[in-house]
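**Student:** Chain order of the listed sequences is P and F. Using my numbering, you'd call the opening residue of the first sequence number -6 and step up by one each time. Using my numbering, you'd call the opening residue of the second sequence number -5 and step up by one each time.
Honestly, the hints are just simulated from the structure, not real lab data. Source: prediction; values computed, not measured. Hints may contain errors.
Said to hold, decoys possible - Okay, derived cross-link-like pairs now, PhoX-like style, lysine-lysine, Cα gap no bigger than 25 angstroms in a straight line:
(1) Lys481(F) <-> Lys562(F)
(2) Lys108(F) <-> Lys97(F)
(3) Lys81(P) <-> Lys28(F)
(4) Lys81(P) <-> Lys17(F)
(5) Lys428(F) <-> Lys404(F)
(6) Lys108(F) <-> Lys53(P)
(7) Lys81(P) <-> Lys20(F)
(8) Lys481(F) <-> Lys17(F)
(9) Lys634(F) <-> Lys53(P)
(10) Lys53(P) <-> Lys81(P)
(11) Lys410(F) <-> Lys664(F)
(12) Lys481(F) <-> Lys20(F)
(13) Lys634(F) <-> Lys17(F)
(14) Lys17(F) <-> Lys28(F)
(15) Lys664(F) <-> Lys428(F)
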Amino acid sequence: METKSIVAVRTTINGREHSAEVDSRLLLVEAIRDVFGLKGTHIGCLTGDCGACTVVVDGKIAKSCLMLAASADGREIQTVEGLARDGKLHQIQQSFWDEYGFQCGYCLPGMMFSAKELLETDPRPDEAAIRHALQGNLCRCTGYQKIVQAVSTAADRMSGGTNEEREDDHRDDTPTR
Amino acid sequence: MTIEVERAPREAPRRRYVGSRQKKLKGDLFVRGKARYVADIELPGMLHAAVLRSPHAHAHVKSVDVSRALEISDVVAAVSGEDARELTGPVPHFIDPAVFGGKTAEVRCLAVEKVVYAGQPVAAVVAASRNDAEAALDAIAVEYEPLEVGLEPAAGTQGGTLLYEGWEDNTIIHIPFVEGDVEAAFAEAEHTLEDEVRIQRYTTAPIETRGYVADWDTSAESLTFYGACQNPHPLRWVLSHALGLPEGKIRIVAPHVGGGFGLKMHGHPEEALVCMLSRMLERPVRWIEDRRETFLIGGREQTHTFKVAFDDEGRITGLRNNIVANVGALGAPPGWGMAFLTALSFPTGYRIPNQDVQVSIVATNKGPWNASRGYGKEATNLVMERIVDLVAQKLRMAPAEVRRRNFINKDEFPYKTNAGLNIDSGDYHGALDKALAMMGYDDLRAEQERLRAEGRYLGIGLAFELTPEGGDIPGTLVAGFDTTTVKMDPQGKVTVLTGVTTPGGGNETGIAQIVADEVGVSLEDVTVIQGDTGLCPYGFGNYSGRSMLVGGGSAALAARDIREKLAKVAAAMLETEPENLEFGEGVISRRDNPDASLPTETVAYSVLTLAFATAAMVEPTLESTRVYKPDNITHIPDEKGRIQPYPSYSSAVHLAVVEVDAETGVVDLKRFGVVHDCGTIINPTFVEGQMQGAVAMGVGAALSEELIYDDEGNLLTDRFKTYLMPRAGDLPSFEMEHQVTPSPFTLLGAKGAGEAGVGGSQAAVANAVNDALAPLGVTLRQMPLSPPNVLRAIREAAEKGGVS
């Protein structure tokens, strides 16, 4: 317990470069939250089961409690704070809000990333495909129904419209309450 | 403060928001990852605590030596139970069994002399980081003298291994609910049956664990406590007692809570512990529960042994039900009381004139219970619905018909149950018909017939569910009323401070909808503040489906006061009578001349700026604090000594369709439908969300969730890999319809939503699985209906020779 070792980590999070010297025991989710100060990524189990800590690492979703902070060196990470662009909500964010695809919000960031990855590979998923894509993310509040609806609505919004409109999946209209 | 008792719903304001699908207020915070939970709080100089837990389920603690832990760099403090005893008092019980004539035991934040469950806190370390604190736990030396472990209540009821000094047995309390002539009912019965339902230990498991940050202010000698908690004011009372600190020196703040379900009701040892450590070290101290620790807290584990008397027509005339609840060690949270309410809630929505329901609540060396969504009432529904189906099976009658014949009729309300509950209103026959039609019941039976011919086991399960809501337990801080302050500023914007809190649902939005309608402003102009004892009026937080009922009710009353004052001043300004005014969204206008109108802002500004002129007739404040206290709760015992602790009773009819693989024991939930009646609906989206979440929880309870212990009392299912909660792919989309029978006794006609669904879905699924396997002569008694339990039941039926 007196053998703490320190490693240097340089990583890009939401387009911004970060570097830090961290305890080698530190998990990626702990570094994201406590070293880089991005609290939107949540810890639910630390065993890779609940998916609350899901982020994007080099373009693929990953449970950040299953990675050491040190292994993020040189990688590009996206967290929930990086989903909106210039203040505009991503269609997935807007759809989760519009459809009440969350209650307490704790599983929400992970759910949105699992949904986003699905829609990038399968723009018009059916209900079974949506449920399959969310298998790695536990929610205790919603029974998943309105989450599934939110993903379906996001799919409609993202795959509808012209190519120009499709270019950016962020909402232009100011979000209303 | 005056308490005005009002009967509902009187001259209702023009409702723009109540009843409509509004989105969650401040939802953008959540989708942007900006909502702050307790684990997100960083305070300057904050330290981190970790808790050393007993590896023994029952042992004397001979000695605790923390000295080696203190030698480790980055460790700031290490404390034993003896140390903690010097610095804190006992943690008062949320609901002390002694209030009801039961046994009680002193609960301390760290065990002293004895541990009574594996996982009980025995020491704590505070260090610069959580990792450092946890690593240092290994350096604490504890000497235990193991004692005989008692994990089953059967021995405990007779004495067995005694958990607590001074107790003659481990039974905390035994409560009978007896009514009518049960002997005669059974003696004269045309039919009787007897059977058993064994409910497993399962729990709440919100995705956010518990967590607390305590911040001692050395100059003010006061404490700020940030916690994932459901009941800030009553928690302040607990901490005041435990810490010997006046309540005025404690501020409790509940930030956004990541799901509660009862787990975050208080009495947990770590609450007082972090406060003690912060005061001792004069620095902020944080403790965040890990997932394994969360699973130590149970909820429910009880056996129901019952006998039923009924006639040829399927009318149930008598019920005997012996309940033995294994509540684990007695903790200070309100867990044990669940089994009390299980017994109290019989026989739900059925007319059964003679009953003998007895509950024994027994302590064992398992982890303590805490409140769990449904609060024992879910177990009543599961058992009653199994009973009704067993009657139907025995008489070869349709399950729906047996229900129809035993339901309380809609013209019989208010209806007093055997235990003295006074059910406000409902239409159970109507809900049943609706559910059968929604799901196409006759077609389902035809489909079942067809599949059975192919050797497939399709099952259809029906369940009625009654959920008493908004309860008040006399002599405790479990209250059936609550308080809200509504304030309007000179710009006509409204701030609502309420005593009810949110564990993560949408009650803040619902309350804002109510206030916006009452005061006549737009929803965007209402801000709701909850969960801060420094800001909010005294209140009791969330439990028992009470937030809309009494939080919404008190908000409506306070808002009406503001409206009344605005009306007087606006009437003067518009040269008319208050009765002639209409309140729109931020506009007050004359009914007889809508062109004569004023912005609400102008009127609000005038109240404060023309106090000696135009607005002289009102006290110049736009602020009101009101209590809403439903008038049909009564704690004055009736002639039989019974009280009526609940104002309202929501109801539902559930229907599950399953297919069981008799080779593997796997149950596939194919369809699920529910007709739900929670009275007046404030926001249908949120009611649906609550019901869908509760149904999912009930399906998990029915099929897979179980806390399993080894013979030494160690929890084996301490993570999501072994404690199996439903995932998205395990569930179908639930079909749902509303039935609305407003409560005549609550201000808004609401009956509470949130708890309902757990017991109903559990029962519907259990009935469906039993129905599926009926051709094999199977009766399932052990929950959950997991593959091992299903296969065991199939095997046992086969050994007995199949269909009886």
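**Student:** Now, for every hint given, state plainly whether the structure supports it.
**Tutor:** Here is how each hint holds up against the structure:
| no. | hint | verdict |
| --- | --- | --- |
| 1 | Lys481(F) <-> Lys562(F) | holds (17 angstroms) |
| 2 | Lys108(F) <-> Lys97(F) | holds (18 angstroms) |
| 3 | Lys81(P) <-> Lys28(F) | holds (14 angstroms) |
| 4 | Lys81(P) <-> Lys17(F) | holds (18 angstroms) |
| 5 | Lys428(F) <-> Lys404(F) | holds (15 angstroms) |
| 6 | Lys108(F) <-> Lys53(P) | violated (50 angstroms) |
| 7 | Lys81(P) <-> Lys20(F) | holds (15 angstroms) |
| 8 | Lys481(F) <-> Lys17(F) | holds (23 angstroms) |
| 9 | Lys634(F) <-> Lys53(P) | violated (66 angstroms) |
| 10 | Lys53(P) <-> Lys81(P) | holds (23 angstroms) |
| 11 | Lys410(F) <-> Lys664(F) | violated (37 angstroms) |
| 12 | Lys481(F) <-> Lys20(F) | holds (20 angstroms) |
| 13 | Lys634(F) <-> Lys17(F) | violated (47 angstroms) |
| 14 | Lys17(F) <-> Lys28(F) | holds (17 angstroms) |
| 15 | Lys664(F) <-> Lys428(F) | holds (20 angstroms) |
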